[in-house]
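Participant: The numbers in my numbering rise by one with no breaks, and the one at position 16 of the sequence shown is 16.
Hints listed in this document are in silico derivations from the structure and should not be mistaken for laboratory results. Some hints here could point you the wrong way.
Unchecked claim - Just the calculated beta-carbon pair ranges, DEER-fashion:
hint, residue 1, residue 2, range
1, G65, P191, 34 to 44 Å
2, A192, Q46, 16 to 26 Å
3, G116, A45, 18 to 28 Å
Predicted model, so just to flag it, every value in this text is computed and none were measured. All residues carry an ideal CB built from backbone N, CA and C; glycine is no exception.
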Amino acid sequence: MPRPSSTAQPLAPVSPAAIDRSPVRPRSARTRRRLLEAGRELFAAQGLEAVTSHAIAARAGYASGTFYLHFPDKHALFGELALEAAAELEARMEATSAAAMDSGTLVRAQAEALVGFAEDRRDLLRMVLRPSGEAREIGIALLERLARGVADRRREAVASGRERDCFQVDVLAQAIVGLWAHVLAWWAEDPARASREELIRTLTHFQLHGSHAEVGSPCLVDRPVATEPAPEGDLPR
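The task is simple: from the sequences and hints, build the whole structure.
Facilitator: Okay, here's the thing in C-alpha coordinates:
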(Lines of atoms letter the chains of each structure in order from A and count residues from 1; the text may use other names and numbers.)
(Lines give C-alpha, C1' and ligand atoms only; values in the text may rest on other atoms or scores of the structure.)
Protein backbone atom coordinates (compact mmCIF):
# COMPACT_ATOMS: atom_id res chain seq x y z
CA MET A 1 0.00 0.00 0.00
CA PRO A 2 1.51 3.39 -0.92
CA ARG A 3 2.52 5.42 2.08
CA PRO A 4 0.82 8.82 2.48
CA SER A 5 2.80 11.94 1.63
CA SER A 6 4.80 13.55 4.44
CA THR A 7 4.24 17.09 3.13
CA ALA A 8 2.90 19.40 5.86
CA GLN A 9 -0.48 20.97 5.09
CA PRO A 10 -1.43 24.56 6.04
CA LEU A 11 -3.41 24.92 9.25
CA ALA A 12 -6.87 25.93 8.07
CA PRO A 13 -9.18 27.93 10.37
CA VAL A 14 -11.45 25.54 12.27
CA SER A 15 -13.92 26.45 14.98
CA PRO A 16 -13.32 24.99 18.46
CA ALA A 17 -16.59 23.07 18.19
CA ALA A 18 -15.42 21.30 15.05
CA ILE A 19 -12.76 19.45 17.00
CA ASP A 20 -15.38 17.77 19.17
CA ARG A 21 -17.70 16.82 16.31
CA SER A 22 -15.48 14.37 14.43
CA PRO A 23 -17.64 11.35 13.52
CA VAL A 24 -15.41 8.69 15.11
CA ARG A 25 -16.28 5.71 17.28
CA PRO A 26 -15.40 5.93 21.00
CA ARG A 27 -12.62 3.35 20.72
CA SER A 28 -11.19 5.09 17.66
CA ALA A 29 -11.37 8.43 19.47
CA ARG A 30 -9.43 6.98 22.42
CA THR A 31 -6.78 5.63 20.07
CA ARG A 32 -6.47 9.00 18.35
CA ARG A 33 -6.19 10.75 21.71
CA ARG A 34 -3.41 8.40 22.82
CA LEU A 35 -1.52 9.09 19.61
CA LEU A 36 -1.92 12.84 20.11
CA GLU A 37 -0.68 12.68 23.70
CA ALA A 38 2.26 10.48 22.69
CA GLY A 39 3.15 12.94 19.95
CA ARG A 40 2.88 15.89 22.33
CA GLU A 41 5.28 14.24 24.80
CA LEU A 42 7.81 13.33 22.12
CA PHE A 43 7.65 16.72 20.38
CA ALA A 44 8.21 18.44 23.72
CA ALA A 45 11.21 16.26 24.52
CA GLN A 46 12.87 16.01 21.09
CA GLY A 47 11.36 18.63 18.77
CA LEU A 48 9.31 18.06 15.64
CA GLU A 49 12.25 17.28 13.35
CA ALA A 50 13.65 14.43 15.47
CA VAL A 51 10.36 12.59 16.02
CA THR A 52 9.01 9.97 13.60
CA SER A 53 5.52 8.62 13.15
CA HIS A 54 6.85 5.17 14.12
CA ALA A 55 8.15 6.55 17.42
CA ILE A 56 4.78 8.17 18.15
CA ALA A 57 2.94 4.91 17.48
CA ALA A 58 5.36 2.97 19.68
CA ARG A 59 5.03 5.52 22.49
CA ALA A 60 1.25 5.15 22.35
CA GLY A 61 1.53 1.35 22.34
CA TYR A 62 0.42 0.76 18.75
CA ALA A 63 1.88 -0.54 15.51
CA SER A 64 2.81 2.00 12.84
CA GLY A 65 -0.19 1.02 10.73
CA THR A 66 -2.51 2.29 13.46
CA PHE A 67 -0.89 5.70 13.25
CA TYR A 68 -1.67 5.95 9.52
CA LEU A 69 -5.32 5.10 10.12
CA HIS A 70 -5.59 8.42 11.95
CA PHE A 71 -2.92 10.73 10.51
CA PRO A 72 -1.15 10.88 7.14
CA ASP A 73 2.12 11.97 8.80
CA LYS A 74 3.61 13.52 11.93
CA HIS A 75 2.98 17.05 10.61
CA ALA A 76 -0.77 16.39 10.54
CA LEU A 77 -0.66 15.21 14.15
CA PHE A 78 1.40 18.24 15.18
CA GLY A 79 -1.02 20.48 13.30
CA GLU A 80 -3.96 19.01 15.20
CA LEU A 81 -2.18 19.63 18.50
CA ALA A 82 -1.58 23.24 17.45
CA LEU A 83 -5.20 23.57 16.34
CA GLU A 84 -6.43 22.30 19.69
CA ALA A 85 -4.13 24.73 21.48
CA ALA A 86 -5.39 27.64 19.36
CA ALA A 87 -9.02 26.69 20.04
CA GLU A 88 -8.34 26.47 23.78
CA LEU A 89 -6.58 29.85 23.88
CA GLU A 90 -9.32 31.48 21.81
CA ALA A 91 -11.95 30.08 24.18
CA ARG A 92 -10.11 31.53 27.17
CA MET A 93 -9.78 34.93 25.50
CA GLU A 94 -13.41 34.97 24.36
CA ALA A 95 -14.54 34.11 27.90
CA THR A 96 -12.78 37.20 29.23
CA SER A 97 -14.19 39.38 26.43
CA ALA A 98 -17.73 38.17 27.15
CA ALA A 99 -17.61 39.47 30.73
CA ALA A 100 -18.75 43.05 31.33
CA MET A 101 -15.74 44.98 32.66
CA ASP A 102 -13.79 48.18 32.08
CA SER A 103 -10.91 48.14 29.59
CA GLY A 104 -8.16 48.01 32.22
CA THR A 105 -9.73 45.04 33.99
CA LEU A 106 -10.38 43.34 30.66
CA VAL A 107 -6.77 43.69 29.48
CA ARG A 108 -5.49 42.30 32.77
CA ALA A 109 -7.96 39.38 32.57
CA GLN A 110 -6.69 38.65 29.06
CA ALA A 111 -3.07 38.76 30.27
CA GLU A 112 -3.97 36.33 33.07
CA ALA A 113 -5.60 34.02 30.52
CA LEU A 114 -2.50 34.16 28.32
CA VAL A 115 -0.09 33.43 31.14
CA GLY A 116 -2.29 30.63 32.46
CA PHE A 117 -2.30 29.10 28.99
CA ALA A 118 1.49 29.43 28.80
CA GLU A 119 1.80 27.58 32.11
CA ASP A 120 -0.54 24.78 31.02
CA ARG A 121 0.87 24.36 27.49
CA ARG A 122 4.47 25.38 28.02
CA ASP A 123 6.17 22.73 25.86
CA LEU A 124 3.88 23.12 22.86
CA LEU A 125 4.01 26.89 23.18
CA ARG A 126 7.77 26.98 22.72
CA MET A 127 7.45 25.23 19.35
CA VAL A 128 4.46 27.05 17.86
CA LEU A 129 5.19 30.60 19.06
CA ARG A 130 8.79 30.53 17.84
CA PRO A 131 8.27 28.41 14.74
CA SER A 132 11.29 27.17 12.83
CA GLY A 133 12.23 24.21 10.67
CA GLU A 134 9.40 21.77 10.06
CA ALA A 135 7.11 23.55 12.57
CA ARG A 136 7.39 26.91 10.80
CA GLU A 137 4.39 26.64 8.47
CA ILE A 138 2.09 25.38 11.22
CA GLY A 139 3.34 27.96 13.72
CA ILE A 140 2.83 30.87 11.33
CA ALA A 141 -0.70 29.68 10.53
CA LEU A 142 -1.48 29.49 14.25
CA LEU A 143 -0.26 33.06 14.84
CA GLU A 144 -2.36 34.28 11.91
CA ARG A 145 -5.40 32.56 13.39
CA LEU A 146 -4.82 34.26 16.75
CA ALA A 147 -4.41 37.64 15.03
CA ARG A 148 -7.75 37.17 13.24
CA GLY A 149 -9.38 36.50 16.61
CA VAL A 150 -7.88 39.65 18.13
CA ALA A 151 -9.02 41.72 15.14
CA ASP A 152 -12.55 40.29 15.27
CA ARG A 153 -12.90 40.99 19.00
CA ARG A 154 -11.58 44.53 18.50
CA ARG A 155 -14.06 45.23 15.70
CA GLU A 156 -16.90 43.96 17.90
CA ALA A 157 -15.75 46.20 20.78
CA VAL A 158 -15.61 49.26 18.50
CA ALA A 159 -19.02 48.48 17.00
CA SER A 160 -20.58 48.15 20.46
CA GLY A 161 -19.02 51.39 21.70
CA ARG A 162 -16.74 49.71 24.24
CA GLU A 163 -13.57 50.87 22.42
CA ARG A 164 -12.74 53.94 20.36
CA ASP A 165 -11.93 53.58 16.67
CA CYS A 166 -8.31 54.79 16.98
CA PHE A 167 -6.36 52.10 15.14
CA GLN A 168 -6.14 50.15 11.92
CA VAL A 169 -7.46 46.93 13.43
CA ASP A 170 -5.38 44.41 11.47
CA VAL A 171 -2.13 46.27 12.21
CA LEU A 172 -3.04 46.40 15.90
CA ALA A 173 -3.86 42.67 15.95
CA GLN A 174 -0.51 41.76 14.38
CA ALA A 175 1.31 43.96 16.92
CA ILE A 176 -0.52 42.44 19.89
CA VAL A 177 -0.04 38.83 18.77
CA GLY A 178 3.61 39.51 17.97
CA LEU A 179 4.09 40.84 21.51
CA TRP A 180 2.33 37.85 23.05
CA ALA A 181 4.23 35.33 20.96
CA HIS A 182 7.69 36.69 21.69
CA VAL A 183 7.18 37.37 25.40
CA LEU A 184 5.37 34.11 26.20
CA ALA A 185 7.83 31.96 24.22
CA TRP A 186 10.73 33.74 25.99
CA TRP A 187 9.11 33.15 29.39
CA ALA A 188 8.15 29.54 28.62
CA GLU A 189 11.80 28.71 27.99
CA ASP A 190 12.64 29.71 31.58
CA PRO A 191 9.81 30.85 33.91
CA ALA A 192 12.42 31.97 36.45
CA ARG A 193 13.11 34.98 34.20
CA ALA A 194 10.09 36.80 35.66
CA SER A 195 7.42 36.08 38.22
CA ARG A 196 3.92 35.30 37.03
CA GLU A 197 2.60 38.55 38.51
CA GLU A 198 5.34 40.69 36.94
CA LEU A 199 4.65 39.11 33.57
CA ILE A 200 0.91 39.81 33.82
CA ARG A 201 1.43 43.35 35.13
CA THR A 202 3.94 44.29 32.42
CA LEU A 203 1.81 42.87 29.59
CA THR A 204 -1.20 44.74 30.98
CA HIS A 205 0.67 48.03 31.33
CA PHE A 206 2.23 47.81 27.88
CA GLN A 207 -1.05 47.06 26.15
CA LEU A 208 -2.85 49.87 28.00
CA HIS A 209 -0.16 52.53 28.04
CA GLY A 210 2.76 51.41 25.88
CA SER A 211 6.16 51.88 27.49
CA HIS A 212 5.18 55.24 29.03
CA ALA A 213 6.76 55.57 32.47
CA GLU A 214 8.43 58.97 32.79
CA VAL A 215 10.88 59.66 35.59
CA GLY A 216 9.02 61.10 38.58
CA SER A 217 5.60 59.96 37.41
CA PRO A 218 3.70 57.15 39.14
CA CYS A 219 3.39 53.76 37.48
CA LEU A 220 0.07 53.60 35.67
CA VAL A 221 -0.30 49.98 36.78
CA ASP A 222 0.88 49.66 40.37
CA ARG A 223 3.83 47.42 41.15
CA PRO A 224 3.19 44.88 43.90
CA VAL A 225 4.53 45.98 47.28
CA ALA A 226 7.68 44.07 48.23
CA THR A 227 7.52 42.50 51.69
CA GLU A 228 10.44 41.58 53.90
CA PRO A 229 10.67 37.87 54.76
CA ALA A 230 9.74 37.17 58.38
CA PRO A 231 12.66 36.31 60.70
CA GLU A 232 13.12 32.60 61.17
CA GLY A 233 10.83 31.29 63.88
CA ASP A 234 8.36 34.19 63.70
CA LEU A 235 4.78 33.50 62.69
CA PRO A 236 3.20 35.70 60.00
CA ARG A 237 0.73 38.25 61.34
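Participant: Please go over all the hints and tell whether each is borne out by the structure.
Facilitator: Checked hints:
A beta carbon spacing of about 40 Å between G65 and P191 agrees with the range 34 to 44 Å that was offered as a hint. At roughly 23 Å, the beta carbons of A192 and Q46 sit within the given window of 16 to 26 Å. Checked against the given bound of 18 to 28 Å, the beta carbons of G116 and A45, roughly 23 Å apart, stay inside it.
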